[in-house]
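Asker: Sequence:
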Amino acid sequence: MELSLEPTSLLLLLFLAFITISYTLTNVIKNRSSTTGGGRVPPGPRKLPLIGNLHQLKSPPHRSLAQLSAQHGPIMRLQLGQLTTTVISSPAFAREVFTTHDVTFANRPVTAGNRILSYGLLDIGFAPYGGYWRHLRKICKSDLLSASRVGSFRRIREEAAADLVAGIAAESREGGGGGAVNLSKRMVEMTYGIALSAAFGRRCRGEETGEAYVSIVFGIVKMMTGFTLVNLFPSVKLLELVTGMKPKLIKLHNEKDRIVQGILDEHKQRRRNRVVNGDDDEEDEEDLTDVLLKYQQPGDSDFPLTDDSIKANLWDMVTAGAETSSATMEWAMSEMLLNPPVMAEAQSEVRRVYDGKSTVDETLLHELHYLKAVIKETLRLHPPSPLLMPRESSEACEIKGYHIPARTRVIINAWAIHRDPESWPDRPDRFVPERFLSRPMDYKGSEFEFIPFGAGRRMCPGVMFAQANVELSLAKLLFHFDWKLPEGVEELDMSESFGLAVCRKQGLVAVPVPRGAV
Numbered sequence: 001m002e003l004s005l006e007p008t009s010l011l012l013l014l015f016l017a018f019i020t021i022s023y024t025l026t027n028v029i030k031n032r033s034s035t036t037g038g039g040r041v042p043p044g045p046r047k048l049p050l051i052g053n054l055h056q057l058k059s060p061p062h063r064s065l066a067q068l069s070a071q072h073g074p075i076m077r078l079q080l081g082q083l084t085t086t087v088i089s090s091p092a093f094a095r096e097v098f099t100t101h102d103v104t105f106a107n108r109p110v111t112a113g114n115r116i117l118s119y120g121l122l123d124i125g126f127a128p129y130g131g132y133w134r135h136l137r138k139i140c141k142s143d144l145l146s147a148s149r150v151g152s153f154r155r156i157r158e159e160a161a162a163d164l165v166a167g168i169a170a171e172s173r174e175g176g177g178g179g180a181v182n183l184s185k186r187m188v189e190m191t192y193g194i195a196l197s198a199a200f201g202r203r204c205r206g207e208e209t210g211e212a213y214v215s216i217v218f219g220i221v222k223m224m225t226g227f228t229l230v231n232l233f234p235s236v237k238l239l240e241l242v243t244g245m246k247p248k249l250i251k252l253h254n255e256k257d258r259i260v261q262g263i264l265d266e267h268k269q270r271r272r273n274r275v276v277n278g279d280d281d282e283e284d285e286e287d288l289t290d291v292l293l294k295y296q297q298p299g300d301s302d303f304p305l306t307d308d309s310i311k312a313n314l315w316d317m318v319t320a321g322a323e324t325s326s327a328t329m330e331w332a333m334s335e336m337l338l339n340p341p342v343m344a345e346a347q348s349e350v351r352r353v354y355d356g357k358s359t360v361d362e363t364l365l366h367e368l369h370y371l372k373a374v375i376k377e378t379l380r381l382h383p384p385s386p387l388l389m390p391r392e393s394s395e396a397c398e399i400k401g402y403h404i405p406a407r408t409r410v411i412i413n414a415w416a417i418h419r420d421p422e423s424w425p426d427r428p429d430r431f432v433p434e435r436f437l438s439r440p441m442d443y444k445g446s447e448f449e450f451i452p453f454g455a456g457r458r459m460c461p462g463v464m465f466a467q468a469n470v471e472l473s474l475a476k477l478l479f480h481f482d483w484k485l486p487e488g489v490e491e492l493d494m495s496e497s498f499g500l501a502v503c504r505k506q507g508l509v510a511v512p513v514p515r516g517a518v
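Numbering follows this note's numbering, with no gaps: position 29 of the sequence shown is 29.
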């Protein structure tokens, strides 16, 4: 998320519009603040009328919030426009949210944009906690994103990773040998290719339909990124028209819907043809659309999936899976380029394990212990969603003596937690993969010092999908190439850019040196 309060002219217009209603809004905020049931509210910085603490929220927000938390404590109360917000920045307080009060914080705050993109909150990301959401989670855990299902996409991953290696080698040769390549661009193309193939079928990858879908995704991400005025002042519906956000978003959503509905109709027709012809071709790989269509049959459950339900969840699968994977890969390569001994150790391991083989496949990935530590350390320093996905309290509760009113937005600052010196005493800001060799940790969210994918009931269900993408691709890049920075570049700019995942502000450009024939 990023603070998006430009252009200045819009702020002036907003200020003039608010002059007439500021008294009302201020009273609303005061009334909300006073409904604490007499309990102790979390500490926080002083706020201004109307805008609250917005003036203290800088970009990047996870760093800004970490600085504020260092002054006010691991649980902090902010007023962001009309939104009463609690920020959590320690493992102990995160545990309270994710375990002790998990049900209370099982809902997501809803924005106008999320409601549109999720077809009215029909996706697993934003569906209200209840029977329908539990049904979706069961589908994800037992079928859609299960270990066996992720394993079934092995050929898709291996082909995409092979194309990545071949494309890098070709681009480098075109530069006369030793030419630099834009790794970020190629990683995004690869991860979206995998996600599209897994979701819609291999025919979609790289075709015009897939390219159009990705173009729409980028347009939506650009519009939705950050703490926008529309979301910070949800009761001021005029902002949706003044900013033009809602009509633009609806237009992009309708374009996306047309593409996915067409794919859905093709899948339905293919299923009907199979029934008529008695054809059950096992070589025709089952994609995620096929999986979800199985749960559309009336009578199969109390919550048969509609077309809109399927389209909403496919949106989650494609965007979250692709963005998380590509961001993690580019940060991992960036950190290894900045830390040559780490790069050398990771390469040595990959080449030792796959010694005698012409390439890397998934059969021996489980033996790459150091590479797995590199990936975990990357996710510690560069979590794809550093503020995780926000929660909202469904009722008032108390966290370690602090009163949290109902309908309070809760932000978990994973970035700050991952750099907490009490949890990570050995150089918490340094890239040291070895810490995960001596301190084994997983992605399940059971150890609250390390929560790159969240924790509790609503943690990210696609961890295995992203993990498989990242491990294979990085192993191939390390096996087939040595890597160095372009001539004249001594340090990498590690500035961040915000989208569905936090990625590099400047694309990662590096020089591949092929190791043997590629």
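Derived by calculation from the structure, the hints in this document are not laboratory data.
Fair warning: this is a prediction, and the values are worked out from it, not measured in the lab.
Errors might be hidden in some of the hints.
[What the hints assert, rightly or not] Under the rule of at most 27 Å between Cα atoms (straight-line distance), these lysine-lysine pairs were calculated in the DSSO-like manner:
(1) Lys505 to Lys222
(2) Lys47 to Lys237
(3) Lys400 to Lys185
(4) Lys185 to Lys256
(5) Lys484 to Lys376
(6) Lys294 to Lys268
(7) Lys256 to Lys237
(8) Lys222 to Lys185
(9) Lys141 to Lys268
(10) Lys251 to Lys268
(11) Lys268 to Lys222
(12) Lys222 to Lys237
(13) Lys237 to Lys268
(14) Lys237 to Lys185
(15) Lys138 to Lys444
(16) Lys505 to Lys376
(17) Lys444 to Lys376
(18) Lys357 to Lys141
(19) Lys141 to Lys444
(20) Lys268 to Lys246
[Stated by the list, open to error] Label pairs and their in silico Cβ distance ranges:
(21) Arg351 to Arg457: 39 to 45 Å
(22) Arg272 to Ala147: 26 to 32 Å
(23) Pro45 to Ala166: 49 to 55 Å
(24) Ser358 to Glu395: 55 to 61 Å
(25) Gly130 to Thr363: 28 to 34 Å
(26) Gln71 to Ser423: 16 to 22 Å
(27) Asp308 to Ser423: 26 to 32 Å
Think of the CB as a built atom: it goes at the ideal place given N, C-alpha and C, for glycine as much as any other residue.
Asker: Hints first: check each against the structure and report whether it holds.
Answerer: Each hint tested on the structure:
no., hint, verdict
1, Lys505 to Lys222, "13 Å, holds"
2, Lys47 to Lys237, "24 Å, holds"
3, Lys400 to Lys185, "45 Å, violated"
4, Lys185 to Lys256, "22 Å, holds"
5, Lys484 to Lys376, "22 Å, holds"
6, Lys294 to Lys268, "10 Å, holds"
7, Lys256 to Lys237, "25 Å, holds"
8, Lys222 to Lys185, "17 Å, holds"
9, Lys141 to Lys268, "24 Å, holds"
10, Lys251 to Lys268, "26 Å, holds"
11, Lys268 to Lys222, "33 Å, violated"
12, Lys222 to Lys237, "21 Å, holds"
13, Lys237 to Lys268, "39 Å, violated"
14, Lys237 to Lys185, "37 Å, violated"
15, Lys138 to Lys444, "16 Å, holds"
16, Lys505 to Lys376, "21 Å, holds"
17, Lys444 to Lys376, "12 Å, holds"
18, Lys357 to Lys141, "34 Å, violated"
19, Lys141 to Lys444, "13 Å, holds"
20, Lys268 to Lys246, "32 Å, violated"
21, Arg351 to Arg457: 39 to 45 Å, "41 Å, holds"
22, Arg272 to Ala147: 26 to 32 Å, "31 Å, holds"
23, Pro45 to Ala166: 49 to 55 Å, "53 Å, holds"
24, Ser358 to Glu395: 55 to 61 Å, "59 Å, holds"
25, Gly130 to Thr363: 28 to 34 Å, "42 Å, violated"
26, Gln71 to Ser423: 16 to 22 Å, "19 Å, holds"
27, Asp308 to Ser423: 26 to 32 Å, "42 Å, violated"
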